[in-house]
Amino acid sequence: SVNAPALRPMVDSGQVQMANHTWSHPYLNRLNLGAVADQISRNADFLRTTYGMDGTPFFRPPFGVHNADIDRVAADLGYPTITMWSGDVGDSRPENENNLIGNAGKSFQPQQIVITHANLPTITHCYAQLVDIIRSHNLQTVTLNDVFG
715 SVNAPALRPM VDSGQVQMAN HTWSHPYLNR LNLGAVADQI SRNADFLRTT
765 YGMDGTPFFR PPFGVHNADI DRVAADLGYP TITMWSGDVG DSRPENENNL
815 IGNAGKSFQP QQIVITHANL PTITHCYAQL VDIIRSHNLQ TVTLNDVFG
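Each residue of the sequence shown is one higher than the last, beginning at 715 in our numbering.
Hints may be right or wrong, so weigh each one.
Have a look at the derived ranges for each label pair, beta carbon to beta carbon [to be verified]:
no.: 1; residue 1: G748; residue 2: I848; range: 11 to 21 Å
no.: 2; residue 1: D860; residue 2: L834; range: 24 to 34 Å
no.: 3; residue 1: D860; residue 2: W737; range: 23 to 33 Å
no.: 4; residue 1: I815; residue 2: N746; range: 38 to 48 Å
no.: 5; residue 1: T770; residue 2: W799; range: 10 to 20 Å
no.: 6; residue 1: I815; residue 2: N717; range: 40 to 50 Å
no.: 7; residue 1: I815; residue 2: A749; range: 33 to 43 Å
Quick caveat, the hints were computed from the structure, so don't treat them as lab data.
Source: prediction; values computed, not measured.
Idealized CB from N, CA, C, for every residue including glycine.
Using the sequences and the hints, build the whole thing.
The following block contains the structure:
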């Protein structure tokens with residue numbers, strides 16, 4: 715990941731927590747269970763190699779699509795906690811900064827899990843503005859471990 719050098723110190727400090735989200739973001743319900751396991755395992759390997767951790771026990775299925783079989787595969791691989799979200803900033807695809815900031819203004823609300831992806835440059839360019847929104851809403855960021863751990 716091109717953003718790994720910037721993210722690694724935040725992961726190491728506990729400020730940012732990674733979770734497994736699969737290797738290539740497929741609709742898991744369209745794959746056989748062996749391919750589901752491969753998607754989760756490949757991403758776990760990437761997280762271990764890049765960030766020194768594998769994201770356990772949290773698994774966030776792409777598009778929020780999962781079923782009992784997918785959940786069982788994830789749990790067998792060390793990811794028993796399926797973690798859904800309630801908002802996002804729209805950074806899973808190329809987007810302009812104004813749209814990301816507008817989405818953040820709507821999504822950054824109390825007691826919400828808001829996802830970001832950090833794999834495209836736009837999100838890193840407007841990071842300071844996102845922090846300003848968090849502060850202006852009197853919010854505090856927490857990790858999944860803080861909430862569920």
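Against the structure, the hints come out as follows:
The given range of 11 to 21 Å is broken by G748 and I848, whose C-beta atoms sit roughly 41 Å from each other. Between D860 and L834 the CB atoms are about 26 Å apart, so this pair conforms to the stated range of 24 to 34 Å. The beta-carbon spacing between D860 and W737, approximately 27 Å, falls within the hinted interval of 23 to 33 Å. For I815 and N746, the hinted distance range of 38 to 48 Å is satisfied, since their beta carbons lie about 40 Å from each other.
Here the CB-CB span from T770 to W799 is close to 18 Å, well matched to the stated 10 to 20 Å. Restraint check, I815 to N717: a C-beta distance of roughly 19 Å breaks the suggested window 40 to 50 Å. Range check, I815 to A749: about 37 Å between beta-carbon atoms, so the 33 to 43 Å window is met.
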